[in-house]
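A.B. asks: Residue numbers (my numbering), protein chains in the order written: chain A, 1 to 192; chain B, 1001 to 1071.
Hints listed in this document are in silico derivations from the structure and should not be mistaken for laboratory results. Please read these numbers as outputs of a predicted model, since none were measured by experiment. The beta-carbon is built from N, C-alpha and C at its ideal position, and this holds for glycine as well. Please note that a few of the clues may not be correct.
Among chain A residues calculated to face chain B with C-beta under 7 Å, some are [as the list claims (entries may be wrong)]:
id	residue
1	50
2	135
3	168
Result set (DSSO-like, lysine-lysine): computed pairs, CA atoms no more than 27 Å apart in a straight line [what the hints assert, rightly or not]:
id	chain 1	residue 1	chain 2	residue 2
4	B	1032	A	65
5	A	149	A	67
6	A	65	A	55
7	B	1032	A	67
8	A	118	B	1027
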Amino acid sequence: MAGLKSNREPRLRHVSLWIVAFCINLGLQVFRSSWNDTAIFSMFTLVLIFASRTKSNAAILQNLKFKYVVEAALVISLLLIVLPWHNLNFGILVAAILILVISLIWSREHSERIVRDKRIRRSELLWVILAAALALWEFGANILGIQFKSLYVFPTISVLVDPMLDSQGGKAIFVCMWMAMGLGLLRLVRQR
Amino acid sequence: MSTYWITVIGYLSFLVLGFGLWFFTRKDRSRKVASLHELLSRIIRYRVTRLAIFFSWWWFGWHFMVNVIGR
């Protein structure tokens, strides 16, 4: 088939870049003394390293029909909107979502590999530049905020977005957008 | 103009640039740059990339829904 190559695993340098990015993020969590996030990003980094090394291909929920995934997502979204945020039980629910998602995406099976042509490379470059610039801008705001001992002199994204989530409507919009994004990504995984 | 608004305008600029990049490359509109959908479809085939993307998505939700953000 035109534009497709064999089912080869990506070279190690492609894999390592994600691990490097997560290590940098882990360092930033340590820098801002966010110990919960440090634990989370440590776990993420370890899972990525394990995933890059292991040949284990447990496909636990891989064949679950997408309509059941959507139905589960609707029920979970409702719970996320109705239940009070920022407590232990809610944290357990959100952690359960992570375990469910990993079960859905862990499988290593590839169908075909699209050639990394110039169009893809340009797109990669542009999105990476945009993401890196945003990350630097946010990091700069974080550092300056610490230096000026004020969250509002150079506000971070969290400081700007969090007040919008105080109302029930704000929470509902956030949950719907977050879940739609997750489902959209899951659909892409199912299409491969 | 205060530093608060300079910072906010910076974020909004990134939002507009991201929207523009998505809009002008969507559905094969651009012959030179692949759409975000094409890009994600390609990179999500690799397990580490797939996990990294979903970890980022999940943490975004965790950060706002579970973490207590100082303000």
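A.B. asks: Are the hints correct? Go through all of them and say.
C.D. replies: Going through the hints against the structure:
Interface restraint check: residue 50(A) against chain B, minimum CB-CB distance 10 Å, threshold 7 Å, status violated. Using the Cβ-Cβ criterion of 7 Å, the hint placing residue 135(A) at the interface with chain B is not satisfied: the shortest such distance is roughly 10 Å. Taking 7 Å as the C-beta contact cut-off toward chain B, the hint placing residue 168(A) at the interface is violated, the least distance being around 14 Å. Only pairs whose Cα atoms come within 27 Å are accepted, and residue 1032(B) paired with residue 65(A) is rejected, the gap being roughly 36 Å.
Between residue 149(A) and residue 67(A) the alpha-carbon distance is near 49 Å, which puts this suggested pair outside the 27 Å criterion. Among the hinted pairs, residue 65(A) with residue 55(A) is consistent with the structure: their alpha-carbon atoms are about 25 Å apart, no more than 27 Å. For the hint linking residue 1032(B) to residue 67(A), the alpha-carbon distance of about 35 Å lies beyond 27 Å, and the restraint is violated. Straight-line distance between C-alpha atoms of residue 118(A) and residue 1027(B) comes to about 17 Å, which keeps the hinted pair within the 27 Å bound.
Going through the hint list in order, the structure does not satisfy hints 1, 2, 3, 4, 5, 7.
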